[in-house]
Amino acid sequence: MTKYLTNNFVVINLYKKPSSKSEVVTQMIYGDSFSVFKKTRKWLKVKIKEDNYKGYVQNKNFSHFLKPTHKINVLKAKVYEFPNKKKKTNEISFGSKIKVIENKARFFRFSKGWISKNDVKPISYKEKDPFRRISIFKNIKYKWGGKSFKGIDCSALIQLFLNFNNKFCPRDAKDQVKYFKKNIKLKNIKKNDIIYWKGHVALALSKKKLIHAYGPMKKTLIMDIDQTIKRIDRTAKLKVIGIKRV
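Numbered as in this note's numbering, the sequence shown ends at 1653 without a single skipped number.
Note that these hints are calculated values from the structure, not bench results.
Wrong hints could be hidden among the right ones.
Below 35 Å or equal to it, Euclidean Cα-Cα: the simulated DSBU-like pairs (lysine-lysine) are [to be verified]: (1) Lys1545 to Lys1446; (2) Lys1483 to Lys1452; (3) Lys1597 to Lys1533; (4) Lys1454 to Lys1410.
Cβ pair distances, simulated, as ranges [as the list claims (entries may be wrong)]: (5) Lys1485 to Ile1508: 16 to 22 Å; (6) Lys1533 to Arg1448: 24 to 30 Å; (7) Asn1595 to Asn1491: 48 to 54 Å; (8) Ile1530 to Lys1646: 38 to 44 Å; (9) Phe1444 to Ile1648: 29 to 35 Å; (10) Lys1585 to Lys1424: 31 to 37 Å; (11) Glu1488 to Lys1449: 28 to 34 Å; (12) Ile1543 to Lys1424: 32 to 38 Å; (13) Asn1497 to Ile1648: 35 to 41 Å; (14) Glu1488 to Phe1444: 34 to 40 Å; (15) Leu1482 to Lys1454: 24 to 30 Å; (16) Lys1626 to Met1408: 25 to 31 Å; (17) Lys1474 to Asp1631: 42 to 48 Å.
Think of the CB as a built atom: it goes at the ideal place given N, C-alpha and C, for glycine as much as any other residue.
Assemble the whole structure, with the sequences as input and the hints as a guide.
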């Protein structure tokens, strides 16, 4: 049986190689779990439980596996020292998972402190529209490999919301476009269809608008679909390679 550890830091980088100068391939947010298959004094080679992604993390004091009870459903949830809002100690990002160990009035306690009940949902919670609240990431900065309010990339934006709704989603755009099987023509595009280019992805908010974490503009933006397709063709010489319905 695979033994898992749980990430108990707000966000940590997963590197391509065992060096902090190496490329950040993804991140783990609080509550993500992973297995270790290689260990040195400074580095762990790991596989993330949620998406099977592999890479290197710095060898820190991680928690033993914690089965979560709740998940964060706001862009960033404040963590407090006591069950009141007087002293904030931290913030954890959308989609992070916690194990509640105490319940007091309007707050839950977990290993990092106290959190408002309004900022969490039970782990089994799903929304009819998995992308209903994706615009909470509007204007969050673009960060290659990022998965949190501190910075996010295009494929993580899609993955985060599907994962929040207890659906599997590969981490990278190149794997997502293969994983989702239902192909859609541009003329038939509608809300929640996912548009793929080589190395990029966006979500349709309507027939006309999309949202994406867009590297050239350095943030997450809502843009016109036709204009974005033309812009990416003009600036990156890339055509749409698939439109998928989840």
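Checked hints:
1. Lys1545 to Lys1446: violated, 38 Å
2. Lys1483 to Lys1452: Within the cut-off at roughly 28 Å; holds.
3. Lys1597 to Lys1533: holds, 21 Å
4. Lys1454 to Lys1410: Given that 35 Å is the threshold and the Cα spacing comes to 11 Å, the pair holds.
5. Lys1485 to Ile1508: 16 to 22 Å: holds, 18 Å
6. Lys1533 to Arg1448: 24 to 30 Å: About 42 Å separates the Cβ atoms of Lys1533 and Arg1448, which means 24 to 30 Å is violated.
7. Asn1595 to Asn1491: 48 to 54 Å: For Asn1491 against Asn1595, whose Cβ atoms are near 52 Å apart, the range 48 to 54 Å holds.
8. Ile1530 to Lys1646: 38 to 44 Å: holds, 40 Å
9. Phe1444 to Ile1648: 29 to 35 Å: holds, 33 Å
10. Lys1585 to Lys1424: 31 to 37 Å: With a Cβ separation near 25 Å, Lys1585 and Lys1424 fall outside 31 to 37 Å, so the hint is violated.
11. Glu1488 to Lys1449: 28 to 34 Å: Given about 31 Å between the Cβ atoms, the range holds.
12. Ile1543 to Lys1424: 32 to 38 Å: Since the Cβ atoms of Ile1543 and Lys1424 sit about 33 Å apart, the hinted range of 32 to 38 Å holds.
13. Asn1497 to Ile1648: 35 to 41 Å: Given about 40 Å between the Cβ atoms, the range holds.
14. Glu1488 to Phe1444: 34 to 40 Å: At roughly 37 Å between Cβ atoms, Phe1444 and Glu1488 fall inside 34 to 40 Å, so the hint holds.
15. Leu1482 to Lys1454: 24 to 30 Å: Holds, since Leu1482 and Lys1454 (Cβ atoms, about 28 Å apart) stay within the stated range.
16. Lys1626 to Met1408: 25 to 31 Å: violated, 42 Å
17. Lys1474 to Asp1631: 42 to 48 Å: holds, 44 Å
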